[in-house]
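> Read off the chains here:
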Amino acid sequence: MEVCGICGEEFETREAYLDHACSTGYKPSEFEHQVALDPNYVKISEAALERGSQQS
Amino acid sequence: MAATVEIDEQNGAGAGTTTHNITNTNMGNVESVNLDPVAYPVTPGDRTYAKYQKIDVTAMGGSSAINNLKVWRTGALGGAATHVTNARTAAYGGAETYAEPVKTAISGVDQTMPTSVPGTANLGIGGSLSGSITVAGASDYLVHQIVTNVADVAGSTSTMSYQYDEIA
Chain A
1 MEVCGICGEE FETREAYLDH ACSTGYKPSE FEHQVALDPN YVKISEAALE RGSQQS
Chain B
1 MAATVEIDEQ NGAGAGTTTH NITNTNMGNV ESVNLDPVAY PVTPGDRTYA KYQKIDVTAM
61 GGSSAINNLK VWRTGALGGA ATHVTNARTA AYGGAETYAE PVKTAISGVD QTMPTSVPGT
121 ANLGIGGSLS GSITVAGASD YLVHQIVTNV ADVAGSTSTM SYQYDEIA
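Line order of the protein sequences matches chains A and B.
If you read the first sequence in our numbering, its first letter stands for residue 1, the second for the next number, and so on.
If you read the second sequence in our numbering, its first letter stands for residue 1, the second for the next number, and so on.
Keep in mind the hints are simulated off the structure, nothing from the lab.
Certain hints may be false.
[Said to hold, decoys possible] Just so you have them, the derived chain B footprint on chain A, three or more residues with Cβ under 8 angstroms:
1) 6-19
2) 30-41
3) 49-55
[As the list claims (entries may be wrong)] Partner residues are not named here, just some residues of chain A that face chain B (Cβ under 10 angstroms, in silico):
4) M1
5) E2
6) V3
7) C22
8) K27
9) I44
Cβ coordinates follow ideal geometry from the N, Cα and C atoms, glycine included.
So that you can see chain B by itself, here it is in the shape it has in the complex (with noise of 0.2 angstroms):
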């Protein structure tokens, strides 16, 4: 047997609702897990509201650890528009505390989300990017939003990947 592993997602104020086993990462102009972005499409210009999610071990399955989290994006997004991310390679920022999801920019969110995968951990683990989990728990928050430009017309449709390594 092996680790168990879901991703999840927090919306709503305060403490916010943690939504286990998400089955899209649909961005848009709505505070919403599992959005439909036809129905909330980004005003040109402006941001999507954030998506904080998380790798979350629901067991360990015999396993000792998962650890070396990579996060990244295939495909191209539409126009010019860019995606920004808390994850990085390098000067990890720490644990983001969650809050009320927004469409204005976030402290620390600001780094290029990858278009392939990282060749080190860009996602922490309590905080650090050499953590581990080594009972069931999750990793630190994935922040990350979609900044239109103003020119662009049309939205996209890419694909998010969640890499974890697992030591048995």
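Pulled out of the complex, with its shape left as it was, chain A reads as follows (with noise of 0.2 angstroms):
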């Protein structure tokens, strides 16, 4: 079973976890989710980039 930490659904599968509509308005696998959950998220994201940019 899958549960969203965030609004407490459960599913059955994670596509159907993927799919839903969360509280945030969003669904987890869209970017805006995370930025709701964290404005930091952003920077997180960013520095994910800049580090993954000096591997090449």
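Take the two lone chains and join them into the complex the hints point to.
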């Protein structure tokens, strides 16, 4: 079973979890979902991309 | 746009239940996600129940790969407690298989959790430290638990960090 740690809704499959509209107003697969949960997520994401760009 | 990444935790018997986007990694004397450590204190000398967690990419967001996974803890533990994990930068044991979390020693979960960012990846993808996530999916399990000392009298608060690199 899959449980959304944000809204508490339960799902039979990962796909169903990813497709649900959470209490943030977005699906867990949408970037805006993480931003709504953590305003620092944009900076976290930018830092990850910067580290990734240094690999090549 | 960029990738969407969350931390998940697995709990329970059998295949277990996956809780997505956990809000903390509190550890204590109960096998549960987001537990209250004050309500479930560890008996000095015992271990906490192990945590089985994953870095989960729910969408690639146009990026081509997520890799170079690093996990570490900052902040001291209480007393003489130690923090053990399967995460390691060398001699990685491959992907840990999920089992109902226990508060006893787990084979392969014997590396000291780093207290600063590791120089290289210490959590694998597909069983390898050099693995990459190229379609939505998750890392290997990060398994970790606190080992307390019989003389320990209080818990502690510290911070777990989970880091990834993202290739556009």
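> Are there three or more residues in the segment 49-55 of chain A whose C-beta lies within less than 8 angstroms of some C-beta in chain B?
holds (count 5)
> Under 10 angstroms is the threshold here; is the Cβ of A/M1 close enough to any Cβ of chain B for the hint to stand?
holds, 5 angstroms
> Would the stated hint for A/E2 survive a check requiring a Cβ distance to chain B of less than 10 angstroms?
holds, 5 angstroms
> Let me know if the C-beta of A/I44 comes in closer than 10 angstroms to any C-beta of chain B, holds or violated.
holds, 8 angstroms
> Does the interface hint hold: is A/K27 within less than 10 angstroms of chain B, judged Cβ to Cβ?
Hint holds; A/K27 Cβ to chain B Cβ min 8 angstroms, cut 10 angstroms.
> Count the residues of the segment 30-41 of chain A whose Cβ falls closer than 8 angstroms to any Cβ of chain B, and tell me whether that reaches three.
Holds: 5 residues of the segment 30-41 of chain A have a Cβ under 8 angstroms from chain B.
> If you count the residues of the segment 6-19 of chain A with a beta-carbon closer than 8 angstroms to a beta-carbon of chain B, do you get 3 or more?
holds (count 4)
> A closest beta-carbon separation below 10 angstroms is what the hint needs, so does A/V3 meet it against chain B?
holds, 5 angstroms
> Tell me if the interface restraint on A/C22 is satisfied: Cβ within less than 10 angstroms of some Cβ in chain B.
holds, 9 angstroms
Hint check: no violations occur; every hint is consistent with the structure.
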